[in-house]
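Protein sequence lines correspond, in order, to chains A and B. The working numbering puts the first residue of the first sequence at 10, with every later residue one more than the last. The working numbering puts the first residue of the second sequence at 298, with every later residue one more than the last.
Treat the hints with caution; some may be incorrect.
To be verified - Some but not every residue of chain B turned toward chain A, in silico, with C-beta under 7 Å: (1) Asn335; (2) Gly339; (3) Leu340; (4) Ser365; (5) Lys366; (6) Phe398; (7) Gly399; (8) Thr400.
Said to hold, decoys possible - To spell it out: a stretch of chain A is covered by chain B in this simulated footprint if at least three of its residues, at any positions, have a beta carbon under 8 Å from a beta carbon of chain B; those stretches are: (9) 29 to 36; (10) 78 to 90.
Unchecked claim - In silico DMTMM-like links for lysine to aspartate or glutamate, alpha-carbon gap of 25 Å or less: (11) B:Lys323 to A:Glu117; (12) B:Lys367 to A:Glu112; (13) B:Lys323 to A:Asp68; (14) A:Lys66 to B:Glu302; (15) A:Lys64 to A:Glu117; (16) B:Lys353 to A:Glu26; (17) A:Lys12 to B:Asp380; (18) A:Lys80 to A:Glu112; (19) B:Lys323 to A:Asp35; (20) B:Lys366 to A:Glu117; (21) B:Lys323 to A:Glu65; (22) B:Lys367 to A:Glu117.
In case anyone wonders, no lab produced these hints; they're calculated from the structure. By construction, the Cβ of each residue, glycine as well, lies at the ideal position given by its N, Cα and C atoms.
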Amino acid sequence: DVKVTQSSRYLVKRTGEKVFLECVQDMDHENMFWYRQDPGLGLRLIYFSYDVKMKEKGDIPEGYSVSREKKERFSLILESASTNQTSMYLCASSSPGEGLGGELFFGEGSRLTVL
Amino acid sequence: SQQGEEDPQALSIQEGENATMNCSYKTSINNLQWYRQNSGRGLVHLILIRSNEREKHSGRLRVTLDTSKKSSSLLITASRAADTASYFCATDRGGANNLFFGTGTRLTVIP
Chain A
10 DVKVTQSSRY
20 LVKRTGEKVF
30 LECVQDMDHE
40 NMFWYRQDPG
50 LGLRLIYFSY
60 DVKMKEKGDI
70 PEGYSVSREK
80 KERFSLILES
90 ASTNQTSMYL
100 CASSSPGEGL
110 GGELFFGEGS
120 RLTVL
Chain B
298 SQQGEEDPQA
308 LSIQEGENAT
318 MNCSYKTSIN
328 NLQWYRQNSG
338 RGLVHLILIR
348 SNEREKHSGR
358 LRVTLDTSKK
368 SSSLLITASR
378 AADTASYFCA
388 TDRGGANNLF
398 FGTGTRLTVI
408 P
């Protein structure tokens, strides 16, 4: 059974803290993505990666960075958390073999609250 | 925004009825996908329809695509309480390997 695992389902952090959200996939997928989901705004792409050590900015990269040191792992980093980063964060992966815009496999999400 | 936009935002029906959700988008696409999300969970892929296809079926799901109108519809037939979820359409970015998601339709099926 294919799987995308996000390390934490719920996190509570304080303003200014550094936050790491970890995502691991076991499908040997090249592509990995971080989205955030907010009511009324749908899913918005933060960063994505097509290969190890590669990263591309999505639609809302400000305030975030990412790390892809291994193929199976894609980390989202909030260097200095702010209250407007309170959100649900969703990690996803896909294979380029699926063709352009192929099916995404999602993790269960990490709900982050910044106080 | 180049996101897909779902319509309606919320839909409430009785068990056994059909549910129809619509999606409109703005740019040319290679394919359009529909996803389902149970409350507080991740998204699950339902179906993908390519730009050269007009209709596709999967079990109780029927998806249509009209590229001239830049719109798609998802029909769930004989709905069940377990179909209660949010449904999202997603479009590729005409050559990119990442997806735009709409804001979703919240479907409630009343037993």
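### Query
Is lysine 366 of chain B close enough to glutamate 117 of chain A, meaning Cα to Cα at most 25 Å?
Violated. Lysine 366 of chain B to glutamate 117 of chain A sits at ~34 Å, over the 25 Å cutoff.
### Query
Should the interface hint for asparagine 335 of chain B be scored as holding, given a Cβ-Cβ cut-off of 7 Å against chain A?
This interface hint is violated because 10 Å lies over the 7 Å limit.
### Task
Let me know if the C-beta of glycine 399 of chain B comes in closer than 7 Å to any C-beta of chain A, holds or violated.
holds (6 Å)
### lysine 353 of chain B paired with glutamate 26 of chain A [C-alpha distance capped at 25 Å]
violated (47 Å)
#### Entry: Given hint glutamate 112 of chain A paired with lysine 80 of chain A - CA-CA distance at most 25 Å
holds (18 Å)
### Task
Given the hint that lysine 367 of chain B pairs with glutamate 117 of chain A, test it: the Cα-Cα distance must not exceed 25 Å.
With Cα atoms ~30 Å apart, lysine 367 of chain B and glutamate 117 of chain A exceed 25 Å; violated.
### Task
Below or equal to 25 Å on CA atoms is what counts here, so check lysine 64 of chain A against glutamate 117 of chain A.
Holds, because 22 Å separates the two Cα atoms, which is no more than 25 Å.
### Task
Tell me if chain B covers the segment 78 to 90 of chain A under the three-residue, 8 Å CB rule, please?
violated (count 0)
#### Entry: lysine 323 of chain B paired with aspartate 68 of chain A [C-alpha distance capped at 25 Å]
holds (16 Å)
### Query
If you draw a straight line from the CA of lysine 323 of chain B to the CA of glutamate 65 of chain A, is it 25 Å or shorter?
Roughly 23 Å separates the two Cα atoms, so the pair holds.
### Message
How does the segment 29 to 36 of chain A fare against chain B when you require at least three residues with a CB closer than 8 Å, holds or violated?
### Response
violated (count 0)
### Query
Straight-line Cα separation of lysine 323 of chain B and aspartate 35 of chain A no greater than 25 Å?
Roughly 34 Å separates the two Cα atoms, so the pair is violated.
Checked against the numbered hints above, the structure violates hints 1, 4, 5, 9, 10, 11, 16, 19, 20, 22; every other hint is satisfied.
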